[in-house]
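Participant: Each chain is listed here by its residues.
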Amino acid sequence: MNTNDKTIEKIAKAIIWSAALFVLVILTAIIAYILAKGLPILNWGFLTQIPRNMGRSGGISSTIVGTLMVTAVALVIAIPFGIGTAFYLAEYTKESWATRLMRFSAESLAGIPSIVYGLFGFIFFVISLNMKWSVLSGGLTLSFMILPTIIRTSEEAIRSVPTTYREVSFSLGATKWQTISKAVFPSALRGITNGVILSIGRCIAETAAVILTAGTALKMPTSIFSPTRTMAVHFYILAREGISMENAYGTAALLIILIFLINVVANAAVNRLMEKGR
Amino acid sequence: MDNPVQNYKLKTVGINLYYGDFHALRDISMEILECSITAIIGPSGCGKSSLLRTFNRMNDLIPNARIEGEAYIGNQPIYGSDSDAVQIRKKIGMVFQKPNLFPTSIYNNIAIGPKSQGIKNKGDLDGIVEKSLRQVALFDDLKDRLSEPGLSLSSEQQQRLCIARALAIEPEAILMDESCSALDPVSTLMIEDLMKKLAENYAIIIVTHNMEQAVRVSDMAAFMMIGDDRAGMLVEYSNTEDMFSNPKDERTEGYITGRFG
Ligand SMILES: Nc1ncnc2c1ncn2[C@@H]1O[C@H](COP(=O)(O)OP(=O)(O)OP(=O)(O)O)[C@@H](O)[C@H]1O
Ligand SMILES: [Mg+2]
Numbered sequence: 001m002n003t004n005d006k007t008i009e010k011i012a013k014a015i016i017w018s019a020a021l022f023v024l025v026i027l028t029a030i031i032a033y034i035l036a037k038g039l040p041i042l043n044w045g046f047l048t049q050i051p052r053n054m055g056r057s058g059g060i061s062s063t064i065v066g067t068l069m070v071t072a073v074a075l076v077i078a079i080p081f082g083i084g085t086a087f088y089l090a091e092y093t094k095e096s097w098a099t100r101l102m103r104f105s106a107e108s109l110a111g112i113p114s115i116v117y118g119l120f121g122f123i124f125f126v127i128s129l130n131m132k133w134s135v136l137s138g139g140l141t142l143s144f145m146i147l148p149t150i151i152r153t154s155e156e157a158i159r160s161v162p163t164t165y166r167e168v169s170f171s172l173g174a175t176k177w178q179t180i181s182k183a184v185f186p187s188a189l190r191g192i193t194n195g196v197i198l199s200i201g202r203c204i205a206e207t208a209a210v211i212l213t214a215g216t217a218l219k220m221p222t223s224i225f226s227p228t229r230t231m232a233v234h235f236y237i238l239a240r241e242g243i244s245m246e247n248a249y250g251t252a253a254l255l256i257i258l259i260f261l262i263n264v265v266a267n268a269a270v271n272r273l274m275e276k277g278r
Numbered sequence: 001m002d003n004p005v006q007n008y009k010l011k012t013v014g015i016n017l018y019y020g021d022f023h024a025l026r027d028i029s030m031e032i033l034e035c036s037i038t039a040i041i042g043p044s045g046c047g048k049s050s051l052l053r054t055f056n057r058m059n060d061l062i063p064n065a066r067i068e069g070e071a072y073i074g075n076q077p078i079y080g081s082d083s084d085a086v087q088i089r090k091k092i093g094m095v096f097q098k099p100n101l102f103p104t105s106i107y108n109n110i111a112i113g114p115k116s117q118g119i120k121n122k123g124d125l126d127g128i129v130e131k132s133l134r135q136v137a138l139f140d141d142l143k144d145r146l147s148e149p150g151l152s153l154s155s156e157q158q159q160r161l162c163i164a165r166a167l168a169i170e171p172e173a174i175l176m177d178e179s180c181s182a183l184d185p186v187s188t189l190m191i192e193d194l195m196k197k198l199a200e201n202y203a204i205i206i207v208t209h210n211m212e213q214a215v216r217v218s219d220m221a222a223f224m225m226i227g228d229d230r231a232g233m234l235v236e237y238s239n240t241e242d243m244f245s246n247p248k249d250e251r252t253e254g255y256i257t258g259r260f261g
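Protein sequences appear in the order of chains A and B.
Taking the working numbering, the leading residue of the first sequence gets 1, the next gets one more, and so forth.
Taking the working numbering, the leading residue of the second sequence gets 1, the next gets one more, and so forth.
No lab work stands behind these hints: they were computed from the structure.
Calculated lysine-lysine pairs in the DSS-like style (CA-CA distance at most 27 Å, straight line): (1) B:Lys131 to B:Lys196; (2) B:Lys98 to B:Lys115; (3) B:Lys122 to A:Lys176; (4) A:Lys176 to B:Lys120; (5) A:Lys176 to A:Lys94; (6) B:Lys115 to B:Lys131; (7) B:Lys131 to B:Lys143; (8) B:Lys115 to A:Lys176; (9) B:Lys120 to B:Lys131; (10) B:Lys91 to A:Lys176; (11) A:Lys176 to B:Lys98; (12) B:Lys143 to B:Lys196; (13) B:Lys98 to B:Lys197; (14) B:Lys197 to B:Lys91; (15) B:Lys91 to B:Lys131.
Some but not every residue of chain B turned toward chain A, in silico, with C-beta under 8 Å: (16) Asn56; (17) Pro63; (18) Arg89; (19) Pro103; (20) Gln117.
Built from N, CA and C at the ideal position, the CB exists for glycine as well.
Produce the entire structure from the sequences given, and follow the hints as far as they go.
Facilitator: Encoded structure:
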């Protein structure tokens, strides 16, 4: 390397390094700011009480439950259909116009703004199917929204499983299903889980799509047919209508903690599963 | 070509294999002796792997592959309308070029085959794992480490484990496609010893580019070549000693002397 190359090398290194540092600082600053503002609000009462007075006082318990219920409905639908479609695309079919169409739709759907899903859910589930503003309408809408992500990440994970695993499995006299469930799925599991975690995060953080489909009711939801307000929507309304900045920060802090916890728990669960699979 | 084998375990009769329009194997008929090692040799691309894979119907997995002719394991047709690829593969173990263990424990790597055949009882599985590991002389080394990842072993041990995995399905024959080519010379000799031992009980077919290896381990040798029409064909098939000391076909002679020379 001549001196000129060395200088370029140094400059490149400095640029890349500072870019990474910059991003790290910004991200930490945002999270630290919200936690600093929000954590003091978080106490047992805030977590366990129903919002009172539009959310000015009381806690956010019903919005926590609403968030978890809507997300659960979305996952119960999107995970089996998404992973099933991914396996179909990756393992059960040859490339054809049909698979290309499916993949193209999934890719396009992934890029659509969530408000469009909200509008669709509002017209289709809330009005046409008369499901009203409800956990179910919200969950179904979110399941449509995350389906493309789950399909894409799962298909990618399945395709990146080495072909030799399939060959070995077949050579041992395994059927196609045994090969997929015993040889391919375990190796794709981590990638699939990453897509699911990403999707859970999007469900929990979503506002536009759920405000139009699950509603903004502050009552504790009692079934999937109850209307509800999710934490993200609550946060949005509190902040936007200037109801209570403190409680908005408290809600946001809990959102961050929740997403963090889900990441940790899901990864730990996968690790446990992998350990057990050994 | 006269057929040197009397008591065969595997047999092909007029096999033609096509990948789409490409004719990969032309009219291959050969019989593989029980309890012996048969080496398939020949230049790259002449269809050795393709031929090996016709015995356990692995070519079925290639979307546009088409096969004509028939093959047998014992008296059972491999391609006949009653035969089922999954059932055939349970009778034939396969070892690949590179060690290709699953990213799981030593135990599970071996148990995966028997499990897919419906063996669930832990005691039965333990027995199979022990027996298979003993067959490849790994049990004493590994018996206390069965829950460790298979990928933590040396590549020679990994390839042994791959052989044990194939043996665990209690096959009647074993196919090995260049199974030593990723190993160092010492490991290669160790695997060759293992092959010879296994040949006391199994019909083994190996594909190899290593002429010395063919001479060292095989009882029978088949020389394949790419024909004028680009299709792979069987040129000469005989006792290994005869083929290497006194090849009948000048193309065989050219190939083996070229390699030795
Ligand atoms: N899946 C496939 N699709 C199309 N053509 C194939 C496929 N597999 C092999 N072929 C072709 O068939 C011919 C024989 O291939 P094969 O792998 O059987 O040769 P080989 O003798 O094992 O070669 P090598 O010594 O390099 O392993 C080659 O021309 C190869 O390109
Ligand atoms: Mg080959």
